[in-house]
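> This is what each chain is made of:
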Amino acid sequence: MEGSVPLAHAWVLAIVLFGLGLAGLLARRNLVFMLMSVEIMLNAAGLAFITAGARWGQADGQIMFILILTLAAAEVSVGLALILQLFYRSASVDADSARSLRD
Amino acid sequence: MAALLWIVPALPLLGFLLLFLAGGRASRLVTAIIGVGSTALAALLTLALAAWFLHAGQPIVRATLWQWIGVGGFTAPIGFELDALSLVMTLVITFVGFLIHLYSSEFMQHDDGYGRFFCYMNLFVASMLILVLADNLLLLFLGWEGVGLCSYLLIGFWYRDAANGRAARKAFIVTRVGDTAFMIGLLLLATHLGTLDIAALMERAQSAWPAGSALPTAAAALLLGGAVGKSAQLPLQTWLPDAMAGPTPVSALIHAATMVTAGVYLIARTHTLFNLAPSVQLALTLIGAATLLLAAFSALAQHDLKRILAYSTMSQIGYMFLALGVGAWTAAIFHFMTHAFFKALLFLAAGAVIMRIDDEHDIFRMGGLKRELPVAFWSFLIGAASLAALPLVTAGFYSKDMILWGAWNSGPRGPILWGAGLLGALLTPIYIFRAVFVVFFGERHTAPSGRYGARIVIPLALLSALALTAGFVDMPPALGNVTAFSRLLDPILPARQEVPTAASTEAAVMVIAALTALLGVGIAWWIYGRRAAAPARLFGTRPALALRRFWLCGWGFDWLYDCLLVRPFLWLARINRADGVDAFYGLIAAASRLFNRLLSRTESGRLRRYAGWIAAGSLAAIAIAMFA
Amino acid sequence: MTGLFYLAAAVAVIATALVVTRANAVHALLYLIVSLLAVAVVFYALGAPFAAALEVIIYAGAIMVLFVFVVMMLNLGPEAAGQERRWMSPGIWVGPALLSAVLIGELLYLLVSGALGAPNHAAAAIPGGAMRAAIEPRQVGMLLFGPYLLAVELGSMLLLAGLVGAYHLGRERAAEHG
Chain A
1 MEGSVPLAHA WVLAIVLFGL GLAGLLARRN LVFMLMSVEI MLNAAGLAFI TAGARWGQAD
61 GQIMFILILT LAAAEVSVGL ALILQLFYRS ASVDADSARS LRD
Chain B
1 MAALLWIVPA LPLLGFLLLF LAGGRASRLV TAIIGVGSTA LAALLTLALA AWFLHAGQPI
61 VRATLWQWIG VGGFTAPIGF ELDALSLVMT LVITFVGFLI HLYSSEFMQH DDGYGRFFCY
121 MNLFVASMLI LVLADNLLLL FLGWEGVGLC SYLLIGFWYR DAANGRAARK AFIVTRVGDT
181 AFMIGLLLLA THLGTLDIAA LMERAQSAWP AGSALPTAAA ALLLGGAVGK SAQLPLQTWL
241 PDAMAGPTPV SALIHAATMV TAGVYLIART HTLFNLAPSV QLALTLIGAA TLLLAAFSAL
301 AQHDLKRILA YSTMSQIGYM FLALGVGAWT AAIFHFMTHA FFKALLFLAA GAVIMRIDDE
361 HDIFRMGGLK RELPVAFWSF LIGAASLAAL PLVTAGFYSK DMILWGAWNS GPRGPILWGA
421 GLLGALLTPI YIFRAVFVVF FGERHTAPSG RYGARIVIPL ALLSALALTA GFVDMPPALG
481 NVTAFSRLLD PILPARQEVP TAASTEAAVM VIAALTALLG VGIAWWIYGR RAAAPARLFG
541 TRPALALRRF WLCGWGFDWL YDCLLVRPFL WLARINRADG VDAFYGLIAA ASRLFNRLLS
601 RTESGRLRRY AGWIAAGSLA AIAIAMFA
Chain C
1 MTGLFYLAAA VAVIATALVV TRANAVHALL YLIVSLLAVA VVFYALGAPF AAALEVIIYA
61 GAIMVLFVFV VMMLNLGPEA AGQERRWMSP GIWVGPALLS AVLIGELLYL LVSGALGAPN
121 HAAAAIPGGA MRAAIEPRQV GMLLFGPYLL AVELGSMLLL AGLVGAYHLG RERAAEHG
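Chains as they are written, first to last, in the numbering used here: chain A, 1 to 103; chain B, 1 to 628; chain C, 1 to 178.
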């Protein structure tokens, strides 16, 4: 429905959610949690786009959101598949344990 | 005919190239034909050119081949110039060169490096011809460096013996000091006068620079430095005695007849510049006088036959420098010509002796060789007579007389210089006839073996003839006043203003010189020929022995330079062994390695760290976008 | 409507904060679903009902379910939770918190300073007191299959690639079965 929601506040919300997601990505060691944090960040970005679309009264924001959604879906499936592979090989989902690609 | 001028240096150069490409694989016969043939053809062509030149009557003939350097207004062509001076030089170089090449085709017959020898010798002749025929100083310098290179290559010809290599290096390094001075002089002339073409240079120097001012003095002094190095005069004379390590034909050609006279040629060529710098002319005179005496005394004490001749060369070039210094240009060139003949003759005769007695060089181990080696004896005797300037019959007499007269006549200092020259003229017959008497008379210590071929005898005979007759082209007034040589060179080397003196003074000077020469021969006979007892006792005393040691090592110059220059330099090299300057570049490499180590630590393989860096990077990017 | 917005925003922030700090994976996932639903409400309040519906159906309904499936497959039991708690020492939060704070600060600054094109003008209601019109799905559809057709096709290719990749990578190979 309609709304006279202050758009700046919506962007603030997006920024805060993005920051929380970033903190979670950097702080957690479990790969599943890291992927969840990535999802949070993508979601926040989508929120920003929707807000932008509302600002101009156009549907383009929602289109971008749909594309982000598509991207998130593909990325989650591949990411989870990789986590599964890692788990099969080393029985752990610790991000720090997978560091053979070092100098 | 002028267009053929370039062929004269090109023929030996072609010989060099052919022998170089053959790489020692050609047979002895082919090598000799190419090596000797190229110089023979060059000599023939020079004779033809001389005939044409003398008839054509033009004083200067030029042939420019192409432009060598053209940058920023300065040009230097490859061009040759034939005038009386370069004609005389070219005739001597090609003719004496041909005779020495012929001689060495037999002398070096049994040597492994036969091809290499003729290769280098041809290159030398080509470079020397370029030097004397060049019409600009830059091309002259090319020839100058070329002869220096060949001198190095030929002194160290028998490279397997390290001592020869040392002697070659010593020659090269000492002459390098002179060459550096020469180069700086060239730069000075080029920057101030805008050209190095000799004729234009002399003209501009005369019009632009007042006599005695700083610039011509500096330029002349620098050119003098180059000449001193190449001609083995004080203070750069230490290399010549050691250069006798090379084969005897090399000593004959390079270190007697031609290369060491390059300095004399240079000064004669640029005499206009030297006229503008009287202080440099004085220095030239003093250097000449000092060297001629120093070398004469040193020659008295030597016992290696070739070293006697080396010091003798040094002394005679001192005479030429003396002549140049007092402005008697023609006398210097006349003495150059006669010296080339008799000194080459002496060296070739010495070589002839040495090759027959199994390479023995010490004269006190020779003796009594007059009967067995008549060819060598007569050649050496004629050469010695010409060197000693025995009156009337030898070429050396006329040229030395011209120099002594020029010295006497040169102003207030004249008699002193004449006195020095006269003292040298006394010592010269003493040391050379000492060699004659010790080697060819007395009892035999080493028996000779083998025999001479025609290729040894013919050059000796021809040079003997020249050593006797070459002086007749210019005879003093008291003896017939033949001035053919002076007239030939007059357009190029104008006679200097003479202090008017009575004809009787000139005759008296000549007679005194003649008597001095005979006196010297007499002294030598009394000490070494008759082996009188009194001199032997005198020579045994302590002061005499010390003096002999002092003269034997060339007045201690080697020791002096060792202390002053060589030891400090080696000390510096030793303390800088770690190469402090290189450490700076090592620092760059070390810094690079340090950064590598630091940055590799970021490649830890940890995913979260990478994510953190990406986040930090994007923060920085946003910050820059915000505030920039 | 604005009240609904603020309420949903608060829920979303709190739920997200809880997501990143839970030790149990399933708990975290459930909180994440709550967060996504709250964000869907925010979309609705902003006049994007179609996006709200998509958020619920696809994001919360499919992607999160995928997460749940994989977590179940990994069978991370209580010892995993204990491991998580051990890993999450307070000290571990310093760096990330700092980075996030700086990022949030920068973005807020950009927002407020008008570098993003004066959003505050749009914050006020349309003059005359009229409400912002919601954007109908019809508009979205017309735009999607009109100018953005190429993007749709590319998106479908991306999904195909993701499908194939996930299938291949998720296979349990007989030799390395752990």
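Be a bit skeptical, because a hint or two may be false.
Unchecked claim - Distance ranges between label pairs, derived from CB positions: (1) A/99 <-> C/142: 18 to 26 Å; (2) A/89 <-> B/627: 45 to 53 Å; (3) B/618 <-> C/142: 16 to 24 Å; (4) A/96 <-> C/69: 41 to 49 Å; (5) A/99 <-> B/577: 19 to 27 Å; (6) A/82 <-> B/618: 21 to 29 Å; (7) C/72 <-> B/601: 34 to 42 Å; (8) B/575 <-> A/96: 34 to 42 Å.
Don't read these hints as lab results, they were simulated from the structure.
Each residue gets a CB set at the ideal place from its N, CA and C atoms; glycine is no exception.
> Output the numbers, in ascending order, of every earlier hint that fails for this structure.
When the structure is compared with the hints, numbers 1, 3, 4, 5 and 8 turn out to be violated.
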